[in-house]
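The residues making up each chain are set out below.
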Amino acid sequence: QSALTQPRSVSGSPGQSVTISCTGTSSDVGGYNYVSWYQLHPGKAPKVMIYDVSERPSGVPDRFSGSKSDNTASLTISGLQAEDEADYCCCSFAGSRWVFGGGTKLTVL
Amino acid sequence: EVQLLESGGGLVQPGGSLRLSCAASGFTFSSYAVHWVRQAPGKGLEWVSSIGGSGISTYYADSVKGRFTISRDNSKNTLYLQMNSLRAEDTAVYYCAKRAGIATAGRYFDYWGQGTLVTVSS
Numbered sequence: 018q019s020a021l022t023q024p025r026s027v028s029g030s031p032g033q034s035v036t037i038s039c040t041g042t043s044s045d046v047g048g049y050n051y052v053s054w055y056q057l058h059p060g061k062a063p064k065v066m067i068y069d070v071s072e073r074p075s076g077v078p079d080r081f082s083g084s085k086s087d088n089t090a091s092l093t094i095s096g097l098q099a100e101d102e103a104d105y106c107c108c109s110f111a112g113s114r115w116v117f118g119g120g121t122k123l124t125v126l
Numbered sequence: 264e265v266q267l268l269e270s271g272g273g274l275v276q277p278g279g280s281l282r283l284s285c286a287a288s289g290f291t292f293s294s295y296a297v298h299w300v301r302q303a304p305g306k307g308l309e310w311v312s313s314i315g316g317s318g319i320s321t322y323y324a325d326s327v328k329g330r331f332t333i334s335r336d337n338s339k340n341t342l343y344l345q346m347n348s349l350r351a352e353d354t355a356v357y358y359c360a361k362r363a364g365i366a367t368a369g370r371y372f373d374y375w376g377q378g379t380l381v382t383v384s385s
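Chains X and S are the protein sequences, given in the same order.
Add 17 to a position in the first sequence, counting from 1, and you land on the number used in my numbering.
Add 263 to a position in the second sequence, counting from 1, and you land on the number used in my numbering.
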């Protein structure tokens, strides 16, 4: 059960856009449209930012968007704000189990 | 308001056991699958185990299969994780998480607890 592959870190200046990739296999990301993304802050509960590849829960800014192509999902954050600085982790349903990515640290310069 | 509150973490020696609990409120507990997810220091999240609403269906990551047992008491709105034969690599913050939907809908986690730290060390 290998973890999904994410870049360790990405960065961008306020107002810019960044994209975080999440690569899996045909058994997880490529096999289901059930990719979700979570924002992690130390000491706080993870927060879902995107579900079902591209759906946004109520209350999540529309600056956050998701997509998928074959075995790779992506999270794009446009119009970066300082408050977006956090770790982001992707997740995919994979049959009777779930698999997460290793997490990406987003730094807002 | 949905709330999930984990407890039971602590320091345990390798080979030891620990039982985690997660008290749920604010939703019909028996209607939803709930999961345990952990985060080792400096690492990403790792799915550990899940249990269906009735408690009949259970699933485990290969890394914990045969050592951990997930269960629930719907009369007490509480989820459990019995952890045996603990190893250093089980050191992590353990979160309980509620699945958002049922059947083929809501295959993501909409509510999480704050986590409880398990440290396996001699």
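Hint data in this document are derived by calculation from the structure and do not stem from the laboratory.
Ideal Cβ positions, reconstructed from N, Cα and C, are used throughout, including at glycine.
Errors might be hidden in some of the hints.
What the hints assert, rightly or not - Below are the DSS-like pairs computed for lysine-lysine, each with C-alpha atoms no more than 30 Å apart in a straight line: (1) Lys122(X) with Lys306(S); (2) Lys339(S) with Lys328(S); (3) Lys85(X) with Lys339(S); (4) Lys85(X) with Lys306(S); (5) Lys122(X) with Lys61(X); (6) Lys85(X) with Lys61(X); (7) Lys61(X) with Lys328(S); (8) Lys85(X) with Lys122(X); (9) Lys64(X) with Lys85(X); (10) Lys306(S) with Lys328(S); (11) Lys122(X) with Lys339(S); (12) Lys64(X) with Lys328(S); (13) Lys61(X) with Lys339(S); (14) Lys61(X) with Lys306(S); (15) Lys64(X) with Lys122(X).
To be verified - Okay, the calculated beta carbon distance ranges per label pair: (16) Thr332(S) with Ser34(X): 38 to 46 Å; (17) Pro59(X) with Gly329(S): 28 to 36 Å; (18) Lys61(X) with Ser334(S): 23 to 31 Å; (19) Ser385(S) with Ser75(X): 26 to 34 Å.
Here is how each hint holds up against the structure:
no., hint, result
1, Lys122(X) with Lys306(S), "11 Å, holds"
2, Lys339(S) with Lys328(S), "26 Å, holds"
3, Lys85(X) with Lys339(S), "40 Å, violated"
4, Lys85(X) with Lys306(S), "24 Å, holds"
5, Lys122(X) with Lys61(X), "16 Å, holds"
6, Lys85(X) with Lys61(X), "28 Å, holds"
7, Lys61(X) with Lys328(S), "28 Å, holds"
8, Lys85(X) with Lys122(X), "20 Å, holds"
9, Lys64(X) with Lys85(X), "20 Å, holds"
10, Lys306(S) with Lys328(S), "20 Å, holds"
11, Lys122(X) with Lys339(S), "38 Å, violated"
12, Lys64(X) with Lys328(S), "27 Å, holds"
13, Lys61(X) with Lys339(S), "25 Å, holds"
14, Lys61(X) with Lys306(S), "16 Å, holds"
15, Lys64(X) with Lys122(X), "15 Å, holds"
16, Thr332(S) with Ser34(X): 38 to 46 Å, "45 Å, holds"
17, Pro59(X) with Gly329(S): 28 to 36 Å, "32 Å, holds"
18, Lys61(X) with Ser334(S): 23 to 31 Å, "27 Å, holds"
19, Ser385(S) with Ser75(X): 26 to 34 Å, "47 Å, violated"
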